[in-house]
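Full structure from sequences and hints, please.
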Amino acid sequence: MTVTFEHISKIYGARGGSAQTIALRNVSLTLERGQLVVLLGPSGCGKTTLLKLLGGFEQPTSGKVLVNGELVRQPGPDRGTIFQAPTLFPWLSTLDNVLYGPRVRGMHDKATIERAQEALRTVGLADFQKHLPHNLSGGMQQRVAIARVLINDPAIILADEPFAALDEYTRRSMQELFLHAVSDRMRTLLFVTHSIEEAVFLADRIVIMTPRPGKISRCIDVKISRPRSRSHREFLDAMGEIFKIVSQDFSAAVAEVH
Amino acid sequence: MTDLSIRRDHAGEGSDVADISDSGVSAAGASEANTNESMNASEGRLYYFLVPAAFLLIWGVTDVMRSSEFSFFPTLRGVTICIIDWIFNVSGGKFFYSGMWLTDLVHSLARVFGGLVLGSALAILLGLGVLWLPASEKLIDPIVQILRPIPKTAFLPFAILLFGLGNGPALFMTVYGVFLIVYVQVIMSIKLVPADLRRASRMLGASQRQVLTSVVLPYALPGICGGIRIGASYAWLILILAEMLAVREGFGYTLWNAYEFMRMDVVVAAMIMIGIFGFLTDKLIVVVMKRQFVWAEEIAEANV
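Note that the protein sequences, when read in sequence, are chains A and B.
The opening residue of the first sequence carries number 1 in the numbering used here; numbering runs sequentially from there.
The opening residue of the second sequence carries number 1 in the numbering used here; numbering runs sequentially from there.
FYI, nobody ran anything at the bench for these hints, they're computed from the structure.
Don't take every hint at face value.
Said to hold, decoys possible - Straight-line Cα separation of at most 30 Å, DSSO-like style, residue types lysine-lysine; simulated pairs: (1) B:Lys191 x A:Lys130; (2) B:Lys290 x A:Lys130; (3) A:Lys244 x A:Lys223; (4) B:Lys138 x A:Lys130; (5) A:Lys215 x A:Lys64.
Now the structure itself:
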């Protein structure tokens, strides 16, 4: 699926009011089918807003969000979202959480249950089907959240800093699991993070954003071959390059303020 | 990471010693924790009865040392005899209350639970309606907020004029009282449902209506049941007053009738029964909640 953001602006608060915040100003971006695009930037740069617009959770103040040329009007199972917190349904078992999507769409057959078990196997939780979410660790909960999106087989997957709350070790294994579970079938991925390392590890293309008002500063294609090794020379060089750009953006922003 | 035994049942307070581990891992740790828990529970049960027992003891002792000014206050012995006659009709129908206990109990319980179920259902339906049409909250809210400070019992004269003497006003009053309390709690619980949980539901394919039934309602239900619990205590309170004036059976009727005969021992007997069954109603709701909302219980416990 091709995703297009056309001249997006998003303003929160009453128009002209004193509490008005410009989250995004005139942002245009295209995501090719099968591309893994990472939005990178500090908080307040509008990266999460962009993701919410594609998710259909919010509408732009002006501009259009298009999926294969069609306007995004509301959330839907074609765009699976992994939130920052696992956001599982706390009264449902792991398996029932994964089955939630198929069930609300009227699929109650045995094959669906098998597919849910398969999705749980993919994220390494085959033995935890009957557990309630709060009896799982944060990383395991987030894996259920991935499985619950996978079973819907969405053409687009959105992820909003899904591993930010996890410790370093868990985060790394989750990134690998995420790539393994999600990046086939020519899915288009939009991944939001403030971690340069995470961006370089995951992205085909990194979109660097700057705040106040939120806009795109630069797009960088990451051409390192996969699987990527964090200790590899190329990887460290790419990180260094992006760090340099981000620092320039930062000092420019500071100069603007003074 | 494998230590994920789920405690399924907290309701039985230690009596269900074996019913603990779901996944079967870490049995040693689990049983140790459970022993501590059951010890605490039996100790807790002892404390539970300590104060009522002490009260009865003191009351019994004062039976023999009454001065005449306090003669209207019944003796423990007198009240006990009343209760026995009320339940078992040992006097052979000598008094208006003799042998009437079961009739009184059934009528009072039916009215309390009738009011509780109807009032709660009404409150939940209206609450979901408000969620469906957010603008309607602004229409309903002022009425609810004005009605809330007016004592629920103040509607009794109108209820009697409207429905005549009998079950009508008693039921109307309890339904109204329960509704008002539960409704406020429903609105609050619904507002506490995290926006991301509703978003998650939508992006997984749920329709707006399915979000209500499959996410908002289950998430809000423990909170709503907390409201029903408060509603139940109000239901007893309102019911007893309504029964005093509007009907010819029930704990409230017996209490007021006894007062008119200046039978303070029967008044106290009726008060004790109201207390016991009010307490049991509350316990019942708590037990049901603990069984139904294991997830909410455990999350709440983990956050302590």
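Original post:
Of the hints stated earlier, which fail here?
Top reply: Per hint list: single violation, 4.
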